[in-house]
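J.: This is what each chain is made of:
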Amino acid sequence: MTLRIRASLAVLPVLAVVMTAGTPGTSAHEQSAPGSIVGHVELRPPPQRRSVSRYAGGPSATRGVQAVAAVAYLVGDLPSAASRATPTRVAIAQRDTAFVPSAVVVSTGSVVAFPNEDDFYHNVFSYSGNARFDLGRYPRGQSKNVTFTEPGMVKIYCEVHEFMRAVVLVTDHPFHSVVSPEGNFRIGEVPPGSYTLVVSHPDVGETRREVTVRDGETLRVSMVLSR
Amino acid sequence: MIRLRESFGAKLLAGLLGTVGVLFLVTFLVVRTETDRQVEVVARHAVTSAETQFRALEEFRRRQADRFSRSFVLGRRTLAALDEAVTPEAKGELADLVAYELQLATLEDVVVAFCDGAGDPVLTLHDEMMIPGEDPLEVRPLAASLLDDASALESHAYRVFDSRLYSVRTYLITLGGRAVGTVSLGLPITPGEVSSIGDVLGVELCLAVDGACVVGTPRARGTLSARMMSAAMEGERVQVDGRLWSIQATPLSDAEPGQGSQVVAIPLDEVLAPFERIRGALLLGGGGSFLLAIIIGTFMSRSFSRPMRALVAATERVAQGDFHIRVQAVSRDEVGNLAHAFNQMTEGLLLKERYRSVLDKVVSPEVASKLMSGEVELGGETRMVTVLFADIRGFTELTEGMPPQRVINLLNEIMQHFSDAVERAGGVVDKYVGDELMAVFGVPVAQGGEAARALGAARMIQEAAKHISSARTRRGDHPISVGVGVHTGIAVAGNMGSRDRLNYTVVGGTVNLAARLCKSAVGGQILCTGETLEAAGDAPPARSMGSRPFKGFTSEVEVYSVETGIEDRPKARPRGRSLAILLAGMFLAPAAGHAQGGEWPTLAGAGLEYVSPSGFFQIGLSGQLDIEALHTSTPWAGLVHQESAGGLAAHRLRIFTDVFVGDNVYGLIEFRSDRGHAPSDDPVSARIEQAYLRFTNDAGSLGFQVGLIPAPFGSYSQRHLTTADPFLRPPLPYDYHTVLHRLIDPRSIDGFLSWRDDSSRWREPGVPPLWDVPYQWGGQLTWKIGPMDFRLAGVNSAPSSEPDAWYDLSEIEYPSWVLGTGITLSPSLRLGLGYNRGPWTDWGLSHDDTPGATVYHDPYSDQEMFSADFTFARGPVVLRGEAILDRWEIPGVPQGVVDVNYTVEGQVDLAAGIFLAARVGYIDFRPVTGETIEVDWDYDVARYETSLGYRLARNAGVLVSAYSQVQEDFGETDTRFVGARLWWAF
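Protein sequences, first through last, are from chains A and B.
The numbering of the first sequence is the numbering used here, which starts it at 1 and goes up by one.
The numbering of the second sequence is the numbering used here, which starts it at 1 and goes up by one.
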C-alpha cells in the first residue's frame, strides 16, 4: 500500500542536486549525502629552473629541476564518520634520474616504497619535520620502504642528483587529490560542512579558499596558483 | 668470484675462450710440426745435393787419375824404374818419370806414391819433389789391400797430407799377371771446389778428417767450424751469430767410414722465415681473438644476463601481485622477444585482473571464481537452497515525477544496501528485476546454516529500509517500505541459457513460492515458511499467519511472519575520533613559508632568481654561510692564523651567482669572505674566489671550463666545502705546511740544514704539499665515455704555489698541466689517477737586480705530482682514499724533494642526517739527496681525525670535528684541534 505524498513533495524546494553513487555515512547520527569538490587550478609556476654541479667532478650536464605536481587537500573540522582514511601502499620509483610519480598523497600509516630502477645509485632522503629519513645507496632492483606516521608535507630529494624532487603529502583523512598536469582535481565523499581548501605546490607556494559543501552537492572551484 | 655454475656469463666466456684456445693450440701445433718437417726436407735435400755434387767431382777426379795412372800402370818403364828403385839413385829415375808424366798431364799439386810388390812404400812424390819419410801418404794399407785382394785393381781413399785433403786412388801394377807394386795418386780437393759446391747449393760445406776441417767454405772454417766439428751424424740445429743452421755429417768414403766426414751446414733462416711469420701472425691473431672472445663474451653475457636478471626481478614482482611492471625489451633477438612476451603476459594478467574485478561486480565472487576457473557448464544440479525475495512497495508511485537519473540513483542506493546485507549474510544476489531483488543462499557452495543466514539477511534488509525511510522522511521525501519473502526447499541450480550467454540461477517451485511470499508480505514484513524455520533451527521469533493459498501450489502453505526487531534507536554519540581529526586538521595547517618541508630559507625561495619567459636565460643568487668555532693546542700560523694557542671564531661567507644560457652554457661567480688562504695579519679577506664559464654538450659527456677554477688536480678539490666533505679541515696533505719556504734560497745548503733542524721554524708559513684547495686561472677539458672519464687542464700555478700566485696572471712563464683519468668500475666504486706538472716557484730570483746577485738562467722549479684515489659508496657507507707522490725540484737537489701522502677516510650514516666520519692522513718525507748533501728528512707526520655531523635541514647542519696530529720528531709539537661548524646553504 503506497501513500501518495505528492503534496509534500511540491512544498519542498526543488534543489538541483545530483546524488552521488556513494554510500552515506554508516553512523546513525547524520544521514546526509556527501558532496564533492571538482576544481581546476591554473598553475603559473616559474619556468623550469636549471641546476648543475658547481664542481666539474660531478655530473656536469645542466638539468632542469624536476617538476613536481601540486596537491589539493581540505583543512578544517572534518566529522569523525567521514575520516576512514585507510593506509595504502604506494611506490615512488627512481627512473631515468627522476622520481616517478613526483607527487603522492597518502594517509598516515601508509608505506611508500622507493624502488631504484636506474643503473646507478640514488640516495633518497628527506629532512622534513614530519618524516626524516635517509635510505642510503642501493642498486637497481632493490627497494626501501618508508612508513609515514605523521601528517604533513614531506619534501624528498636525492643526494646524488640535485635536480630530482618528489613530494609526499601525508594526511589523516581521505579528502585530498593530486592535481593533474592539466590542472584538474577532484575530492569526493566530502561530508557537508565548511572547510578550507588548500592547493599547494612546493616550488610555487599555496593558495587557500573557504568552501562550503552541501548535501550531495558537487562544488566547482577555480583557483589560480602563482608566486 | 665467478662461479661457473651460477653464472651464464661465465659459462659463455669459458666456452668461447675454450674454443678459441683449442683452435689456437691445434693450429700452433700443426704449424710447428710442418715447420719441423719442412726443415728436415730441406736439410736432407741439401745434404743429398752436396753429396751428389761431390760425387760428381770425385768422378771427374777418378777419370783424371785413371788417365794419369795408365801410363804408370801400363808402361814398361815404370816397372823397370820401380824395380830399380830400391836404391836412392834409382829412385831419381822414377821421380823423373813421374815428373815428366805430370807435365804431360798438366796436373798440379799431385801426390804420387809407389809401393813395391811387398807393399812397402818405395817413393812418394809431391809434384816433382821427393818426400822423405817412411810412408808420408800412408799408402801402406792401401797397397796391402790391393795386393792381398786378387780381384781388386784399384781403391780409393782420402788422405790428409801437408794439411790438405787428397783424394787418393791406388792402382795395382801388374806384369804378366803378377802384381809388382802399386801406385797411389792423390789429387787435391781444393777449397775452390768446395766453395763452388757451397755457393751453388747455398750451404756451408766442410770436409773433415779426425775432427778438423781440412777443406771447406770460408765460413765453415771460420765461425761455424766448432759447431760443425761437434755435429753428430744426424741433423742438428744450432744457432751461431744469430743465424740458425742445420748441421749434418755424412761419411766421406763409404769404404772407410771412420776416415773422414762431409759436414754440411744448411742455413735455416730463409727456410724458417715464412714459418716464423706464420707463427707471429698466429700468435697475434690468437691473442687478438682471445681478447675479442673475452670482450664479446663479456658483452654478450652481460646483454643476456642483465635482461634476464631484470626479467627475474619483474617476475617476482608479478608474483607479488604487481601487474603494472613492464620489462624493457632492448634487443630484437630471443631475449627481446622474451621481454615482449613477458610484457604481454603481464598485460594479459592485468586484463584478467580487471575482468575479474568487473566480473566480481556483476556476479557474486563465488560464481565469478567458478566461471574464471573454467567450470562453466550448462545444466544444473538439484540442491537444497533458501531463496529470498525483497521488493520495494509502491516504488512506481514513489518515483512518479522523478527524473529518470534520480530514479536509477535511488534504486541503486537502496539495492546497494540490500545486496550488502545479503552478502554479509553469506548469500548470493541472483538478480535484480526492477525494484525487486532475488537472493539465494546455499549456492554455488553450501556453507551450512543457509536458512538462518537468509533470515538474518531479511532482517538486515528491513533495518536498512527503515534507515533509508527515516532519512527520507526527515528530508521530506516519501518513505519506502519493503516486503521480504523467504522459503527453503529443493531447487535446480546451475547455468541456464546458451553457451554464449549464461545466467547462473536457481529455478523450481521453491523459487516461485519465495516470490509469492514476497508479494504477499506487507511493507516492513518478513514472511517465511515452516521449512525455513525448521532449517534455521535457532531462528528469530516468528508468528504464524495461518495458511494461505498461492497460485501454482495445490495446497495452502503455512506462513509465518518473522520479527524484525527494529525499534527506534537513540542517536549515536560522536565518536572520540572526531577529536583526533580536529587536532590533525589543526596540525595540517601549514606553517609559514615552506618551513614544514624541512628546508631553511633560501634566496631562490625568496624569489631572488630570474628566469626568462622562454626559460633560455636564468640567473640565480645563492650562498653559503659557515660559522666556525675552533681551538688548537699549538699555534700554527698557516692554519688559521693565530698568534698563540687557543680558540677563535671564523666565518666563511660565499655568495654564488649562477648564470645559465640555454642548456649548454653555465657561468659562475663566487664571492668569498673568510680568513683567507695565506696567513696574514688581516683576519678577514674578501675576494672573488671563482669566476668561470663552462660549456657542455647536450649529453653532458664533454665539458670545457675556463676562468678562475678550483684546482683540477686532487680528488679533494672536487668536493671541497660540499656535503661530500664531512670534516672541518681539509685532509692532511692539503692542510699542512712544510719547512720549505720559497723565500729561502736552498742553494745555500747550510741554510737548508739549519732551517731543517730549527724546530721553531716549523711553525713558519712554509710551503705545503697542496695549499688547501687552490683556485687557479686556467682551462679544463673533461670527457666522459662509458665508465671512464678524462681530464686535461692547464692552469697558471702548481698545487704548492702560494695564493698570491693563483690570482696573478702576469707572472706565468709556462703553465702547469694536469692530466686525470678515472674509471667507474661499478656504481659503488670509482678509481682515479692524476698527474700534474708545472712550476711552483721562481724563488724570487729572476727579479733580483742587486749587483752581484746570481741569477739563475732557469729560475723556475717544477712540481710534479702523481695521484691515485678511490671512492667506494654503498648503503650508508662511503670510503675514500688518496695517495699522492709529490716531487719538488729545488736547486742543488737534482731529483727533487719527495714526499708521499696518504689519506683514507670513511663515513657512515647512522640515521637520517646523522653521520660519523673518521680520517687518517700521513705524510712520508723521503730522504733528500742533493749534490753535496744527503738528508734523512724523517719528519713524517700523521693526523687522526674524526667528526660527527647532524643535518638540521636539507640545506643546513652542524658539524663537530677533532683531530690529533703527531709529528715524528719534535714530540712536543703534537697538535690537538677541535672545532664546530654551523653551515647554512641559502
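Please note: incorrect hints may appear among the correct ones.
To give an idea of the chain A side of the interface with chain B (calculated C-beta under 8 angstroms), a few residues [what the hints assert, rightly or not]:
| id | residue |
| --- | --- |
| 1 | Glu42 |
| 2 | Arg44 |
| 3 | Arg132 |
| 4 | Gly141 |
| 5 | Lys144 |
| 6 | Arg186 |
| 7 | Gly188 |
Coverage of chain A stretches by chain B, computed from C-beta distances (three or more under 8 angstroms per stretch; other residues unrestricted) [what the hints assert, rightly or not]:
| id | region |
| --- | --- |
| 8 | 97 to 105 |
| 9 | 154 to 165 |
Because the hints were derived from the structure by calculation, they are not lab data.
For every residue, glycine included, the Cβ atom is placed at its ideal position computed from N, Cα and C.
J.: Now, for every hint given, state plainly whether the structure supports it.
T.: Right, here's what the structure says about each hint:
1. Glu42: violated (17 angstroms)
2. Arg44: violated (12 angstroms)
3. Arg132: At 5 angstroms from the nearest chain B Cβ, arginine 132 (chain A) passes the 8 angstroms test, so the hint holds.
4. Gly141: Where the cut-off is 8 angstroms and the nearest Cβ of chain B is about 5 angstroms from glycine 141 (chain A), the hint holds.
5. Lys144: violated (10 angstroms)
6. Arg186: violated (19 angstroms)
7. Gly188: violated (15 angstroms)
8. 97 to 105: violated (count 0)
9. 154 to 165: holds (count 4)
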